[in-house]
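**Q** Taking the hints into account, I'd like the entire structure generated from these sequences.
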Amino acid sequence: GNSVTQMEGPVTLSEEAFLTINCTYTATGYPSLFWYVQYPGEGLQLLLKATKADDKGSNKGFEATYRKETTSFHLEKGSVQVSDSAVYFCALTQGNTDKLIFGTGTRLQVFP
Amino acid sequence: DSGVTQTPKHLITATGQRVTLRCSPRSGDLSVYWYQQSLDQGLQFLIQYYNGEERAKGNILERFSAQQFPDLHSELNLSSLELGDSALYFCASSPAQGRGYTFGSGTRLTVV
Chain A
1 GNSVTQMEGP
11 VTLSEEAFLT
21 INCTYTATGY
31 PSLFWYVQYP
41 GEGLQLLLKA
51 TKADDKGSNK
61 GFEATYRKET
71 TSFHLEKGSV
81 QVSDSAVYFC
91 ALTQGNTDKL
101 IFGTGTRLQV
111 FP
Chain B
1001 DSGVTQTPKH
1011 LITATGQRVT
1021 LRCSPRSGDL
1031 SVYWYQQSLD
1041 QGLQFLIQYY
1051 NGEERAKGNI
1061 LERFSAQQFP
1071 DLHSELNLSS
1081 LELGDSALYF
1091 CASSPAQGRG
1101 YTFGSGTRLT
1111 VV
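Sequence order for the protein chains is A and B.
Going by the working numbering, 97 is the number at position 97 of the first sequence; the sequence numbering is gapless.
Going by the working numbering, 1046 is the number at position 46 of the second sequence; the sequence numbering is gapless.
Rather than coming from a laboratory, the hints here were simulated on the basis of the structure.
Check before you lean on any hint, since a few could be wrong.
[Said to hold, decoys possible] If you only want the chain B side, here are some residues facing chain A, beta carbon under 7 Å, derived: (1) Gly-1042; (2) Leu-1043; (3) Phe-1045; (4) Ala-1056; (5) Phe-1090; (6) Gln-1097; (7) Gly-1100; (8) Phe-1103; (9) Gly-1104; (10) Ser-1105; (11) Gly-1106.
Source: prediction; values computed, not measured.
Built from N, CA and C at the ideal position, the CB exists for glycine as well.
**A** The structure is reproduced here in structure tokens:
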């Protein structure tokens, strides 16, 4: 079945460091890919998405490119801030359903 | 405020009991989705309703049921509760398929 694999956390960085959170997926056909962010005590917020191969999603300095050849959708940010500390979830939907399949989440901790 | 309202925010109940979680979608959104977030199983899709009708079903236990009312709010009923049902339950809404979700802030259920 369809699945999403994320790198284990926590990822601990100093402010202004470069961030990469790896995400790979297994799916038949052409899924849509998403990154969601969950701040402490809150629900999930859509961070960015891509719906077809080679699409780049971007928002708030975060970027991810839909790579079909490597079945990946890695999240990157050039310079993280303390306020980026949260849990990041990679997810996919496919076909005629809006059901989201999530990865296990990666906790990011940014220190000043 | 995401526009998706979930009540109550916290719920503590005993094993064997029955609870009802409530979700009011964003104004104009016809689809409601329920997800369970637990430490051992991560984020799992439970069920989707669209304009009052069940649209998709995930890993929802037989002890759990849901419905969407004519005013589009939804309720998730959990019965014969077990310790393992302790989790965060999220509701999300969407105006239509493929348009993306907005999540509520969740109901934290603790079964003791």
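**Q** Decide, hint by hint, whether the structure agrees.
**A** Hints, one by one, checked against the model:
Using the Cβ-Cβ criterion of 7 Å, the hint placing Gly-1042 (chain B) at the interface with chain A is satisfied: the shortest such distance is roughly 5 Å. The beta carbon of Leu-1043 (chain B) is positioned within 7 Å of a beta carbon in chain A (closest approach about 4 Å), and the interface hint is therefore held. A least Cβ separation of about 5 Å between Phe-1045 (chain B) and chain A falls short of the 7 Å threshold, and the interface hint therefore holds. With 7 Å as the threshold, the beta carbon of Ala-1056 (chain B) comes within range of chain A, its nearest partner Cβ sitting at about 5 Å, so the hint holds.
Among the interface hints, the one on Phe-1090 (chain B) holds; its C-beta lies about 6 Å from the nearest C-beta in chain A, closer than the 7 Å criterion. The restraint placing Gln-1097 (chain B) at the interface with chain A holds, with a minimum CB-CB distance near 5 Å, inside the 7 Å limit. A distance limit of 7 Å between C-beta atoms decides the matter here; for Gly-1100 (chain B) the minimum to chain A is near 6 Å, and the interface restraint holds. Against a cut-off of 7 Å between C-beta atoms, the interface hint on Phe-1103 (chain B) holds, since the closest Cβ of chain A lies about 4 Å away.
Taking 7 Å as the C-beta cut-off, the interface hint given for Gly-1104 (chain B) holds, the closest approach to chain A being about 5 Å. Against a cut-off of 7 Å between C-beta atoms, the interface hint on Ser-1105 (chain B) holds, since the closest Cβ of chain A lies about 4 Å away. Interface hint at Gly-1106 (chain B): satisfied, since its Cβ lies 5 Å from the closest Cβ of chain A, which is below the 7 Å cut-off.
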